[in-house]
Amino acid sequence: MIKLDTVSKIYGDVAALQDVSVEVTKGEFVFVVGPSGSGKSTLIKLLIREEQPSSGDIFVAGKNIGQLSSWKVPYLRRNVGTVFQDFKLLRDKTVFEQVAFALEVIGKPKHVINARVPEILELVGLRDRMTHYPNQLSGGEQQRVAVARAFVNRPLIMLADEPTGNLDPQTSVDIMKLLDRINRLGTTVVMATHDNAIVDAMRRRVIELVGGKVIRDQARGVYGYGA
Amino acid sequence: MAPRIGIYLRDTVTAIRRNGLIAFAAVSTAFIALFLLGFALLLRQEFNKVVAQTNANVEVSVYLLDSVSPAQLQNLQGMLQSMPEVSSVRYESKEEAYQTFLKEFKDQKELTQNVSKDFAPASFRVKLKDPSPTSVNAVTVRLTGQPGIDKIVDLRQFYHRLFQVTNIFKVTGYVMAFVMLLSALALIGNTVRMAVFDRRQEIGIMRLVGATNWRIRMPFLIEGLIEGLFGAAVAIAGLFIAERVFVDPLRNQIGFFPLITPHDLILTIPWLVGIAVLVSVVASLIATARWLEV
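Protein sequence lines, in the order shown, are assigned to chains A and R.
With my numbering, letter number 124 in the first sequence gets 124, and the count goes up by one each step, no holes.
With my numbering, letter number 282 in the second sequence gets 282, and the count goes up by one each step, no holes.
Here chain R stands alone, though its shape is the one from the complex:
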């Protein structure tokens, strides 16, 4: 088997060199397509991460005025605990809030040093049994107007708006990736077709002496595969670089926010490689089919 692989590779290298420009176009299109696809996949992963985190801590934060009286406090706690939607209520004092803040931003001295102990408000952290918008609403409505409350913040609402934005990016990414994948398919198919045309005489002789269709097709399949995989390799490298340049610096600045990691990137590699293989094999099969009718 080994010498035959050598023969295939030799043929493939010759073919790619001969049609350098089209091969370049095919590889770049495959690269762009797979990069966009990877981007969309990573956005989805980011989305999932945030959803997982929010669902884990779905809570409604009821921030209290500094002037809140112990009686008002007790009244609010009682109200919250008696609500059917509520699963648990935790009181976070000003001191605790300050400590949490210090912990979350421990890497940013300039922030923590400039904040006084007094800065964070006390709050009730309310966990809900069912974190649906309806129960969030029910709780909010009943609390509104009670004395001692500064404001009620539903984290979900914030994330919901964020998701709408990221969703647009994600869908756009998928659509563009799909269109680019079709172009990559056409371009890879085209380079393969050119290679087949270049070697039609050789193919004729192969058929004459009894080479199987599979044997005749193999070099062209490999050519398509190499182009597709090369595009995938560049796309994966590009995604790693983008993660390093754009996502990594954010990691320290917004420590509380879950971000995709290089590990998530590694998880997308099988997808990108798989789709690259699929697209190039389909392209090569289509491009060679017409020439190989027995």
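Only chain A is shown next, with the shape it has when bound in the complex:
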């Protein structure tokens, strides 16, 4: 599903990623851990072609995205849902509209939108919050809206960049349950985090980055060594 082949990303004279080779198969749930500045976010940006690698090849859903012509990039992104630490919700749209917007702008017809949005809001547990605005929601609820928006188009891959970074531990657990559920629906999930409690609890594959290099890739890992 995702394959990085000796990928490096150099900003000026700083190497954000160095010779990273990683493969993620369909349906996997992968944590990317490491301290701030270890290259986690850069990895996410490369996967949605927000950035281009300085060297190496990246394959997403079978396509070499380094060679993708720029007009095809939107179609790549339709296959990759993305969630961020800061939710990135629009202030003047209701929960329903936030999710509908994602379908609207890729040209889905109204009847599809009206059918799918309530369905996905049901999945994330916000069916009764459809008419609320972001400032009327808790942080956890806002992140669930963001997840719903990223998932409403049924992407093959779900990327999450520190999705629990702004949330308290209990709410974080709820978000993780949601991502786990999405993973069980067959979606490949890649989550960058430095929340060790979550990583330790989930017991999934862990890729650890330090200084832009992969120093560990463990099948049922925990956050730190020796746990």
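Hints listed in this document are in silico derivations from the structure and should not be mistaken for laboratory results.
Just so you know, not all the hints are guaranteed correct.
The calculated lysine to any residue pairs, modelled on SDA-like cross-linking and capped at a C-alpha distance of 25 Å, are [what the hints assert, rightly or not]:
1) A:Lys177 with A:Asp128
2) A:Lys88 with R:Trp214
3) A:Lys63 with R:Thr212
4) A:Lys45 with R:Val281
5) A:Lys110 with R:Trp214
6) A:Lys93 with R:Asp198
7) A:Lys110 with R:Thr212
8) A:Lys108 with R:Arg10
9) A:Lys108 with R:Arg251
10) A:Lys72 with R:Arg17
11) A:Lys93 with R:Asn137
We have chain A; now place chain R onto it with these hints.
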């Protein structure tokens, strides 16, 4: 497709309302630019009309003294007919001249009623094979000093002077229109840029969920287009009003002189609309390009 157009329009109306003052400046500049352009285009059409009419009747009028004798008349006619430049000569008697006058000014009773039959001179109307200034000159030179002639009038000379004046207006109109079009481009671009800036978060999300560049750009293109077309509409309305107020009253007073008609105005509409579309699309594309790099 229909609901999407609705979405674009909704976004556009919001954006224009939010930046009302700049949008107003953009529309007014577009209006002034297109009005001037329309003015210059209409002047050109007026010019063409006059040229067409003069070339059709290029003639040198040889006005005769009332005292001209039949012998002098015959002599002059013979001279004219033997000149190589001349294609035809027509004698217009005093009576005929008077009738022509009555016909040309038939709407102005106060003029025709106060003129006696005796007022118009007889003349030779000379048509030339080649209506160039050289052949006009050759004819004039040879006739000068012949008995019986009052004066020789070359209509072209009159029009030539007129054209020099209208040409200055026309060129000035074009230059000003061009400068104003550039300003309109900058101002429309600016409103679009503001709208893009206002909605940068939305654009970020659109890109994230895989909206195409075209889809992201469309509302901004439409905003620019609406501003440009609104300016064009006001400019066209302004030109029609100006025609009504300034040109229409002249139509009865100088019936012999070809004037632009509302039909000529209609012919300029595609030009003005086309240029408005071009300017606003270019402005919007430039303004959105920087924000949409993938």
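Subject >> Structure-inconsistent hints, enumerated in ascending order >> reply: Checked against the structure, the hints that fail are numbers 4, 9, 10 and 11, while the rest are satisfied.
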